[in-house]
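Undergrad: Chain by chain, the residues:
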Amino acid sequence: MSSEIIFAQAIVDGLLMGSLYALIAIGLAMIWGIVEIINFAHGEFLMIASFLSYFLFIYLGIDPLISIPLAFLTTFGLGYLVQKGIINRILEAPFLAQIFATFALLLIIRNGFFVAFGPDIRSVTTWYSEATIDLYGIKISIVKLFATTIVIIATILLHLFLTRTYLGTAMRALSQDKTAAQLMGIDIKKVYAIAFGLGAGLAGIGGALLTSFYYVFPEMGVPFTLIAFISVVLGGFGNILGPAIGAVIIGVLQSIGALIMTPSMKDILVYIVFLAILLIKPTGIFSR
Amino acid sequence: MFKIENIKRDIDLMIILLTILLLLIMPLVYNNYFFINALFLASLYMISSTAWNIMGGFTGLISFGHAAFFGIGAYTLALSYNNGLSPWIGIWLGGAIASLFALIISFPLLRLRGHWFALATIAVGEALKLFFNNWDYVGAARGVELARKEYSFAWIYFIESIYYNYVAVLILVISIFIMFLIIRGRIGYYLQSIRESEETTMTIGLNPFKYKMIAMVLSGFFTGVAGALYAIRYRYIDPFSVMDLFISVQICLIAIVGGVYSFAGPLLGALIVTPIAEYTRALIGGAYGARFFGLHLLIYGVILLMLSLYAPGGLMDVLKRFLRGRYR
Amino acid sequence: MVNINILRGISRTTLLISLIIIIVVAAVGGYLLAMNILYKPTYKVSEVKVGIIQPLSGSMSTIGRYNLWGAQFAVEEINSRGGIKSLGGANITLVIGDSAGDPSTAAREAERLISVENVVAVIGAYASSNTKTVSDVCERLATPCLNGDSSSPILTRRGLQWFFRTTADDDLFSKQHAEFLKYLNTTYPGSIKTVAILYEDSEFGSATAEAWKKYMTEAGFKIVESISFRSGTPTLDSEITRLKAANPDVLLVAGYLTDAILIQKTMKKLDFNPKAVIAQDAGYINPAYIKEVGPLGYYVFSREVFNWDLFEKVPGLKDVNDRFKAKYGVDMDGSIIRNYVAVWVLYYALEEAGKKASPTDLKTFRAVLRDALRNIDIGRGVLPVPWDGVKFDETGQNIRAKGIIVQMMPDDGKYHTVWPPEYATRTPLFPMPKWSERPS
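Chains as they are written, first to last, in the working numbering: chain A, 3 to 290; chain B, 173 to 500; chain C, 38 to 477.
Watch out, some of these pointers could steer you wrong.
[Said to hold, decoys possible] These stretches of chain A come out as covered by chain B in the derived footprint (C-beta under 8 Å, 3 or more residues):
1) 51 to 63
2) 86 to 94
3) 224 to 238
4) 271 to 283
[Said to hold, decoys possible] Within a straight-line C-alpha distance of at most 16 Å, the following computed EDC-like cross-link-like pairs (lysine to aspartate or glutamate) qualify:
5) K86(C) x D398(C)
6) K328(C) x D122(A)
7) K141(A) x D308(C)
8) K321(B) x D398(C)
9) K400(C) x E114(C)
10) K400(C) x E332(B)
Think of the hints as simulated: they come from the structure by calculation, not from any bench. Ideal Cβ placement from N, Cα and C applies to all residues, glycine included.
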């Protein structure tokens, strides 16, 4: 197998996985940028959606990809409630209190699922799970290709929402200048709740997509949360394109890293690049 | 400073003395080995969370990468022990190497503030763990096992676990008092000033970078000491048991739950939280009919949530409100 | 006053000889009595506590739970057959500890079981890194530690006096892998020249990889690639791509449950077709893997310590498995059966120990139990495993343990024994068909 094809395969794999990371990163960036809170429990919303699609498939035969809208609504609703019930109460609290509130949430959700459903690793096999397209020797998984498409659509829809609707503009205003936005009559708490809901909802879509080719278990959110954080820093968070591109870059870095160095070292490459960015341009590559 | 009346008024000092007293007496009174082991674990966290707080609560530098210092301390002890060095030296050597690491990374890292600094510490911690996981000299993923020596105080190897507790108390007393004296002195004062406002600190002629670096080195040193104690007690370490993000988070959480705005907050946090966590794990964790996996962590999460909503100053805050007016 | 008339007629020689005989018998009898041989005091207790540590939470909890079932099943069997007879029919009570997969937690659990729960012995702890700390604690606290399911060779190379391992270690298993490859080469001459190794990077995988490198090279095979990964990783695309590029004849793989599933899925996805895949147990023989992987696992070989199709060859096995399956809903696998067997081995030792001491004197009983384990001698066919029996050498290793090689067959998706020939129920299918040639 020629090395160009191997290299190209790695890039394709990286891009596909990276697009999934992008979706989750965008959700995190929204919450971080608008509500100004670091959501440690982000990956847990992904996990909830994953479990939901899994059970819908097992008990009702609904294909995971079709369950996406339902997953989105569920995690949106949960995110909204979390913001209203918990985060809104600690908006004025010191940085630390906010951290441990979302971390507490992480513990509660993750272990709640652990206790309720056990640690078993579940997965779903559909008629298209193993299907691949062969492009000049590079194998592209159809599922992941579909997932990437959904991600692109979701991102476009989000962009339209943020630029063309009142609510979206209100959110952008909040992320830029809280006081001014309040003076313009925006109900902060409500907008925060919707923003959080949206961020969680995006993670939820990611979760539902994952069910179709990955496995489902209570701790699945961990690597995704971490990567989402790194993507946001990498890409900056004044916008949604930055983190998205950052996420894709990370996906590709991981993929190529595994080729050039001991695969278990590939994550070090990601961290080193991350640290480099932090030191050179902490606001992110693409921030305004 | 050491007059009795002054001591009584100083709640931090009271808690330190009370904690040390409890650590000395409780193992003798309640001779249950599970409890004794929980106390040992608590002492480890007392040292490392107090050290963490020098950076976190006092200087405003929140770190999620302290496991790096912990792990370096543990590995230093383990490797030097296996090469014949007395653990009584090895423990402090562990702290020294950890503080050296802190010194080195302070140069790039201290240019960052707030959220960015915190995220960078996660990256450093995880990267170091992965690096150790692939470094053959330290055993890579297989870790290091402490060589078998004679049972003795000299090699800190005992048949009865209770002696480990007293070794820990000894190290704890030394560590806590050094940190206490430094924080109550000029340096502590400067650090808090930096936390409030770096710009203002500069206007009075101090170099914030220098003092932040001192905070990191100090914090790293004692966290490394705690890591070394872990190694000498459990006699087997690998990157995932001493350098994982989970350890950083535990250290940080205990400090937060205890209260980051006072010196003795983390002590209180460790003393109260660790035994509770251990007991919930053993009683209703995975072993209880092997059914309720993770229940103890769930409860931990709920408690944490309640605290974050109602008492962000941690247990220390609750205590102070309770003792309202009697102490400074 | 004695009537010396009775003694008239008996010669002095006779009297002297009789006296000597009486004195000798009295002396010997007194001696035997003192040594408790003639008159055996029987100890009677209602229960004997045995500790078991497994990862019951965390990423290895599925396997941990199955292992626990294996042990619990054995305990129930023993108790229902009258318990420990030398202790008056005492029941075994299993006290459970959860290591959560972490070495220091495992150590704390071991201390809790030994010092607080007062168990007479500890069984455990699956993951070799956990077994390290548990055995260390047991050594320190003079309690027998019986391991049935950790295969890292280093565990018996630390000079411990209280540690016993019933299963063979990865060194032996890897050696058998090399023998198996040579066997394949005799049947399909010259097909296998190169091998590649894919291994998870903790103690289990690393020790296996080392042993493979040693034995494969000795056997004359060339190692063209060797890649490690962290167990539980979400993707192995790049790793498999590299392996594909190295183009080995045979892929040797060591991984846990999620890794096994991921490896098979990725191999198909990237169309990686070595002539054979040979696994080192663990994830590959877990019932959950077999259920999940389906056709993706066909043709894969694995070393095993036991297989369901051995019931024709190994006495008693079918019966045990049927009863286990009736209760727990899954077939026994290598880890389950090894925990089952570990409990039984401990039982035999307990019977011996119960003749000499009582668990009420914990310290003595543990020492006596340790000696009983040291002297244990179980022959072939007593335990439902394809071993030659159980006998521990001075390092605590059972020198009669053996492994087998199984292959997942495409007609029923189950593992069948293919080697060694005396236990084989099928011939090995080699080389394995390419992914594109298989029915989808």
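Undergrad: Work down the list of hints and note, for each, if the structure agrees.
TA: Comparing the hints with the structure gives:
{"no.": "1", "hint": "51 to 63", "in the structure": "violated (count 0)"}
{"no.": "2", "hint": "86 to 94", "in the structure": "holds (count 3)"}
{"no.": "3", "hint": "224 to 238", "in the structure": "holds (count 4)"}
{"no.": "4", "hint": "271 to 283", "in the structure": "holds (count 6)"}
{"no.": "5", "hint": "K86(C) x D398(C)", "in the structure": "holds, 13 Å"}
{"no.": "6", "hint": "K328(C) x D122(A)", "in the structure": "holds, 12 Å"}
{"no.": "7", "hint": "K141(A) x D308(C)", "in the structure": "holds, 8 Å"}
{"no.": "8", "hint": "K321(B) x D398(C)", "in the structure": "violated, 29 Å"}
{"no.": "9", "hint": "K400(C) x E114(C)", "in the structure": "violated, 27 Å"}
{"no.": "10", "hint": "K400(C) x E332(B)", "in the structure": "holds, 14 Å"}
Violated hints, in rising order: 1, 8, 9; the structure is consistent with all others.
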